[in-house]
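Q: Sequence:
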Amino acid sequence: MQALTFQLGEEVFALDIRSVREIIQHGSMTGVPLMPAFVRGVINLRGAVVPVIDLNARFGRTPAQVGKKTCVVIFDAERDGERTELGLMVDAVSEVVDLPADAIEPAPSFGTAVGREFIRGIGKLDGRFLILLDPDRAFDIDEMAQLCRLSQDALPA
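If you're matching positions, the sequence shown starts at 1 in the UniProt record's numbering and goes up one per residue.
Since the hints were derived computationally from the structure, they do not count as laboratory data.
Careful: at least some of the hints might be erroneous.
Pair ranges (Cβ atoms, derived) [unchecked claim]: (1) P106 - V66: 31 to 41 Å; (2) G81 - A48: 33 to 43 Å; (3) G31 - V96: 16 to 26 Å; (4) P106 - Q65: 24 to 34 Å; (5) D102 - K68: 31 to 41 Å.
We put the CB at the ideal spot given by N, CA and C, even for glycine.
Could you build the full structure based on these sequences and the hints that come with them?
A: Take a look at the structure:
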C-alpha cells in the first residue's frame, strides 16, 4: 500500500494515497456558524464547497495552530457508494511511502492519543510508527455529508 504521511504535532499519520485527491497550502477559509468545533471552515475548491477538518480538534485535542508548513489534504471518504470530498488540516505533509501489508498491525486497544475508532492500523517503517487513519470511520460519511449541506446552505449565494 502507498500512503501519504503527515505530521500532527509530534505524531506521524498516514492516509491511503488512493483516497487523497490533492494537497493545498493552508489559505483563507470561510467560517460557518453552528458547525462542530472540529470543522475549521469551508474552502471553495474549483466551485465545490469543501469542509476543512481540524484533526487535532476531531481527536479531542487543542485545535491546531496554523504555521508555515500547514497544509490541507483533500481526500475522498466513501460509504455505501456515496463519495464526499473533505479537507484535513495538518501541520505538515511529509512524503509518500510504500507500506507492505505485513508491516501493518491492528490498532492497539490502548496507548494511542487517538481514538481507536479512527485508526485502521499501525504501520512500521524504518524503525518508526505510522498511525494509519481510516477516513471512512474517522469521518462518518453521513455526518460529513450533512456538514457539506449545512456549509452550502450557510454560505452567501
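Q: All hints are to be evaluated individually against the structure, with a verdict given for each.
A: A quick look at each hint next to the structure:
1. The supplied range of 31 to 41 Å is met by P106 and V66, whose beta-carbon atoms lie about 34 Å from each other.
2. Checked against the hint of 33 to 43 Å, the C-beta distance between G81 and A48 comes to roughly 19 Å, which is inconsistent with it.
3. For the pair G31 and V96, the beta carbons lie near 32 Å from each other, so the given range of 16 to 26 Å is not met.
4. Taking 24 to 34 Å as the suggested C-beta distance range, the pair P106 and Q65 conforms, at roughly 32 Å.
5. A C-beta distance of roughly 37 Å is found between D102 and K68, which places it inside the suggested range of 31 to 41 Å.
Consistency with the previously given hints fails for numbers 2 and 3, ordered from lowest to highest.
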